[in-house]
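Residue numbers (my numbering), protein chains in the order written: chain Z, 1 to 269; chain A, 1 to 269; chain C, 1 to 269.
Keep in mind that the hints were calculated from the coordinates and are not lab data.
Even glycine gets a Cβ: it sits at the ideal position worked out from N, Cα and C.
Any given hint might turn out to be false.
Okay, the calculated bits of chain C under chain A, using three or more residues with CB under 8 angstroms as the criterion [to be verified]:
1. 25-35
2. 69-76
3. 98-105
4. 195-205
5. 238-244
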Amino acid sequence: MTQTYVQSAAAALVELRRQRPLVHNITNYVVMDFSANALLAIGASPVMAHAADEVREMVALAGALVLNIGTLSPPWIEAMFAAGHAAGARRLPVILDPVGAGATRLRTDTALRLLDEIKPTIVRANASEILSLAAAGGATKGVDATRGVDEARDTAIAIARHAGAVVAVTGAEDFITDGERRLRVGNGHPLMARVTGTGCVCSALVGAFAAVEPDTLRATIATLIVYGIAGELAAEGDPRPGTFRTRLIDALDAVTPEEVMARARLTAE
Amino acid sequence: MTQTYVQSAAAALVELRRQRPLVHNITNYVVMDFSANALLAIGASPVMAHAADEVREMVALAGALVLNIGTLSPPWIEAMFAAGHAAGARRLPVILDPVGAGATRLRTDTALRLLDEIKPTIVRANASEILSLAAAGGATKGVDATRGVDEARDTAIAIARHAGAVVAVTGAEDFITDGERRLRVGNGHPLMARVTGTGCVCSALVGAFAAVEPDTLRATIATLIVYGIAGELAAEGDPRPGTFRTRLIDALDAVTPEEVMARARLTAE
Amino acid sequence: MTQTYVQSAAAALVELRRQRPLVHNITNYVVMDFSANALLAIGASPVMAHAADEVREMVALAGALVLNIGTLSPPWIEAMFAAGHAAGARRLPVILDPVGAGATRLRTDTALRLLDEIKPTIVRANASEILSLAAAGGATKGVDATRGVDEARDTAIAIARHAGAVVAVTGAEDFITDGERRLRVGNGHPLMARVTGTGCVCSALVGAFAAVEPDTLRATIATLIVYGIAGELAAEGDPRPGTFRTRLIDALDAVTPEEVMARARLTAE
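Here chain Z stands alone, though its shape is the one from the complex (with noise of 0.2 angstroms):
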């Protein structure tokens, strides 16, 4: 079964590359360019805006819609808001990438809050932070603590049900569930944890993957093969980091269908 999820990764990338979708990214100022950046290098096409006045607007010419609760603020929640029930409303996909979700109550409450009201159609998170989201699974909440894939295991599975959502919890093994299936991406590189925001750029790729492939798993478990095959690519020959993150991008552009079907490791529970 993971073959067939493979060849429709290989086959998504190429499309994301025929397509060039347009994907609208609230996000946070620390990782603006970096997303930008690294959408432009996988071949999409990157917007950002935020001002509440024109996100309904810039959500009808997009693909996809990206949301990042990093360095919030109100007017940034308002327009997440606003862009988010303009994009469900259009059936557009959404993305949530709930940043530091539990390190502090507005972050919590606003992932929460956007999971409730918006009901993205894909959660991409740390362990740390799937688990501080437990409360919308029916789990017990919490986490301060940085935790591991597994840990949040059960907890992605009760989000994923209970919001109707493709969860994807990465880490030095990713795991993605639609509350049913339940998968296992073990591409990657550990210098992708030295960089700032390659989490939040790996948000941004499964807006780019999922503008082009209806099925959320399969654009979900699409970006997690590529994005960590880019990342083994970036770090042949032991790279520093600061190295590191200009090759991610040059891989990211670099990186075929081909290398997506040799490469991949991705495995069914």
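Start from chain Z and add chains A and C according to the hints.
Coordinates of chains A and C only, in the frame set by chain Z:
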């Protein structure tokens, strides 16, 4: 005739590096780092400031003001008008980059209001953005799609005449006009379109050249030639976009007046 | 005496990489990505958060707070005071970087108010900025032009005594004082002035060292030595500024305690 423009481009580069003008940018979040590093690399001194409380004072220290409407929001619009009026009172060059005009009403309207009230010295934009500003020149408004420079040529001339500004439409070939004179710059490289903010950086660099070259048409032509050559130098060896971005900064530092004389591709219509 | 400072610098680097302290930055838009990557490269953990609603909670998770007044606006000033008071209550190191103080009243006044009310542990600035803060030390106020470290020496000592802070004036040579002890660090490279945000990154790194080294004078000296050596390593082979910026991040990852011992250029007055 074009040869004198090329000579003044080379001379402006020398003068820029001698004077190191302070360029005040009110620009979008995505490109702040890239723009500041590009300005430093070419030899100018960047400052980013957007608080309505301080922009008038910052303008008083600057040699040029760059207004870029990407990632717009109400406080930034207010700051742009305050800074723009202060710059006008000091007869400082004001460069308008109407990023995303045509995509949303907020952007189109803000660009048109800035054009009308601030009367920028120079407008730098892509063809779609120029076409969306057509109302300012009395022509038809509109445009969502990506357009070519030739399609925007007549509109650019109309805006230049109506607004009393130099208008530069950048693309595979660049078109520059003050409403009467019409020139084209053929320098540049397709990789520039694969990196976010290369258009915004161009507008920032126009600010640097306009701060040292009083003839705004010559300043704009100088920028497009020098920046285009830097793009060509950075593209040598066919790098991928991450590496190209780093080399573009390197090339802005490295490009010489001699290379400007030897490599400029400028034609008059 | 200086040898014990160098030894504690090497020890602090080891400790920083062991503890991986969380450094909370309320900083300007231009340098967020660069600062976060520099903190990750040296071995710390960065967080950027500026919403008045969440900064108190974020401070409670952090080992140091860095307040940087570039690209200032009223909501950010409010957040800086909220975070600064919370940090003070927790006796957390607070680093103030008065970017652009002297250029506008908003910046000068905000820097002086932060100095007065928040009582930062460490102030890191260039000579012009330090001189503009002179009012806090009872000396003459002023300054628009770029000044040398020697000109700011007496003012730095006065501010250190008045504010009870360590003051570091960085430039070709760095001057560090707690009002009594006076030291100079000769490490660094002129290319650092050709990249935007290298001063801001220095302040962020001071936060990382101050989170693990309780003696704030030693923490500041350690930062200036380590960062200066990283600049020297990155400058090997005379790269252009784009490449230098990438290598500076690499060098922050690569620099060893042994290199600190071997290459430190520290003198006492």
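Hints, verified against the model:
1. Given a C-beta distance limit of less than 8 angstroms, the hint that chain A covers the segment 25-35 of chain C holds, as 6 residues qualify and 3 suffice.
2. Under a criterion of three residues with beta carbons nearer than 8 angstroms to beta carbons of chain A, the stated coverage of the segment 69-76 of chain C is upheld, 5 such residues being counted.
3. Counting residues of the segment 98-105 of chain C whose beta carbon lies closer than 8 angstroms to any beta carbon of chain A gives 4, which reaches the threshold of three, so the coverage claim holds.
4. Check result for the segment 195-205 of chain C against chain A: holds, 3 residues qualifying (beta carbon to beta carbon below 8 angstroms, three or more required).
5. For the segment 238-244 of chain C, the stated coverage by chain A holds: 5 residues have a C-beta nearer than 8 angstroms to a C-beta of that chain, and at least 3 were required.
Hint check: no violations occur; every hint is consistent with the structure.
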